[in-house]
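Chemist: On the provided structure of chain B, position chain D as indicated by the hints.
Here the protein sequences line up with chains B and D, keeping their order.
Counting with the working numbering, you get residues 1 to 529 for the letters of the first sequence.
Counting with the working numbering, you get residues 1001 to 1103 for the letters of the second sequence.
Please note that a few of the clues may not be correct.
Unchecked claim - Okay, the calculated beta carbon distance ranges per label pair:
| hint | chain 1 | residue 1 | chain 2 | residue 2 | range |
| --- | --- | --- | --- | --- | --- |
| 1 | B | A420 | D | K1077 | 56 to 62 Å |
| 2 | B | D214 | D | L1052 | 16 to 22 Å |
| 3 | D | A1043 | B | D214 | 17 to 23 Å |
| 4 | B | D90 | D | M1001 | 46 to 52 Å |
| 5 | B | P344 | D | A1043 | 40 to 46 Å |
| 6 | B | G414 | D | T1068 | 53 to 59 Å |
| 7 | D | E1014 | B | S281 | 46 to 52 Å |
| 8 | B | R349 | D | M1018 | 51 to 57 Å |
| 9 | B | T353 | D | L1052 | 49 to 55 Å |
Because the hints were derived from the structure by calculation, they are not lab data.
Bear in mind that the values here come from a model prediction, so they are computed numbers and not experimental data.
Don't be surprised by glycine CBs; every beta carbon is placed ideally from N, CA and C.
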Amino acid sequence: MKRYDLIVVGAGPAGLSAAIEAAKYGLKTVVFDENARPGGQLFKQVHKFFGSKEHKAKIRGFKIGEELLADAEKAGVEVHLNATVSGLFDCKEITVIENEAMHHYKADAIILATGARENMIPFEGWTKPGVIGAGAAQTMMNLHGVQPGSRVLMVGSGNVGLVVSFQLLQAGIEVAAIVDAAPRVGGYGVHAAKVARCGVPFYLSHTVIKAEGDDHVTGAVVAEVDSHFKPIPGTEMHLDVDTICMAVGLSPMSQLLSMAGCKMQDKGGIVPIVNEYRETSIKGIYAAGDVGGIEEASSAMITGKITALAAAYELGFAEEKDFREGETRYKASLAQLHEGMFSPANKGRTDLTVTDEGVLLSQNLLKKGYLDLGEIMRFPGAADEVKKVHGIHPVIECTQNIPCNPCQDACKFGCIAVGADITRLPIVNPANKCTGCGMCVASCSGQAIFLVNDDFSETEASVTLPYEFLPYPEPGTKGMALGRDGKAVCEAEVVSCRLSPAMDHTALLTIKVPKEMSMTARFFKAVGV
Amino acid sequence: MRIENHPILGTFHEGGQMVTFTLDGKEMQGYEGEPIAAALRAAGVMTHRHTLKRDEPRGVFCAIGRCTDCVMIVDGKPNIRTCITPLKAGMKVQTQYGIKAKE
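Looking at chain B on its own, in the form it has when it is part of the complex (with noise of 0.2 Å):
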């Protein structure tokens, strides 16, 4: 049997930010993780991530997986691959199938790091081939580039869902529509306006009934549900589609905590209970990152830092003031990330109605995944339009408390205020002149600012928009604006398209169109694309 300080299981975010932290105090620190590859789901997340710079927003997120890897290398942090944990003992001992045969570990401290698994809901024809998890539609086209299929229905509106069907519009797939059972766009409002406006039809209070075709999905049977998820009657609608994607939550893989005997409790998925540091009831057992409570990779390797930072004290090897330092300071981190209508504390909630400032929620954003022009006035990133701002200025439709700040430090010339609170909405100041370089545009990790210039021409006004297609409209291109719901509102013709390495891949396409269309127009396509 071979001896560490500490061990982890999962070379995911939050195992490897773990491994990273333990190596700063020198415990002697190995990883097992059962992938071929280390990184967790990091290296399947193409899109920018939110939070502020410390939780490093607005960088993709298989871009933090390489950042992370090369830390980890760095630390000269010990991985073991293709190593399949499959018992933990109270004892802090561990055994792990590794080349066909099974090894057993003992240290001081061991950090779950196991992450979660999709959940599924079973309908007539879920075990076609063609029925697939949202993860795996983004393992075969991001990690591997294969498309999972042509066109796909998309159930669950939560971040996954939403996050997944841009992705699939990415690699070049139709997606066909997204259910979900609830009454209520799940995730973000961000990630539901930038597919709405992409044409994708939201079908709330709907669900899936039926997978058809013989020996593998030809096509989908959606159905309206009653207030208790009763399909009703009379309402099935059939679609097109040869793949049905799941994106129906995560739980968490606790087995192994359950299995060394911790106090488990369900909250939403059986978690184990823990104190501030995420020790479990064992002493000397911790849980990071998604086995102690779904949430998102951000916060998974603060809390991976966190249970290594208690570890290496527990132990003797950090001093306490560099812990109680390191305490504050991810506290502090995580608690950012915690606030907002879309905290842990929030989770399941369905009666907020205003944002933290007091602006009424907008209901078509929940309902159909856009918003309605006649709403986005009243929020502080679009308010000033109403007052009508000479020349180019931007306009950011973020109207939900999401802990998010990039365009602040975006905007060098002081257009855009969020504050010290980052799940504050962000304002813009009409005082300080846009010069319409729109970082701003390409910073937002929700692609919900657009540079509007009403004084474009004496009959035309022009928008930019983040882009993030391929192939890039050359200007003079010649098109149809969509609106925020992605339906045609009127003619347009591409002005510029740019792209430079900061934005990093958002490209700022700019289209002219008739002067009233300014705030309606949202997206381009082009003319027999």
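Modeler: Relative to the frame of chain B, chain D by itself:
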């Protein structure tokens, strides 16, 4: 279908080696080292196995080696999770019926 050019990720398999393998005796091509399941999906193959009791088709579901729905017979060995098993030149892949190949 393979993604030729991705707006964020660029191209895949740059400098990758195309290799030949067989599915139920039929020659197919895929990139060396990619999961067998990726090569099969790129070639339009959906069914990986048939269940023992009801003879129902099954294919990829989770794509990360967790659900075991995509298992096939690879080089004579049954129950191989094709979504996490790297493709090698000359591999003999067979549709699995129950836990065996078709007689």
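Chemist: Which hints, by number, does the structure contradict?
Modeler: When the structure is compared with the hints, none of them turns out to be violated.
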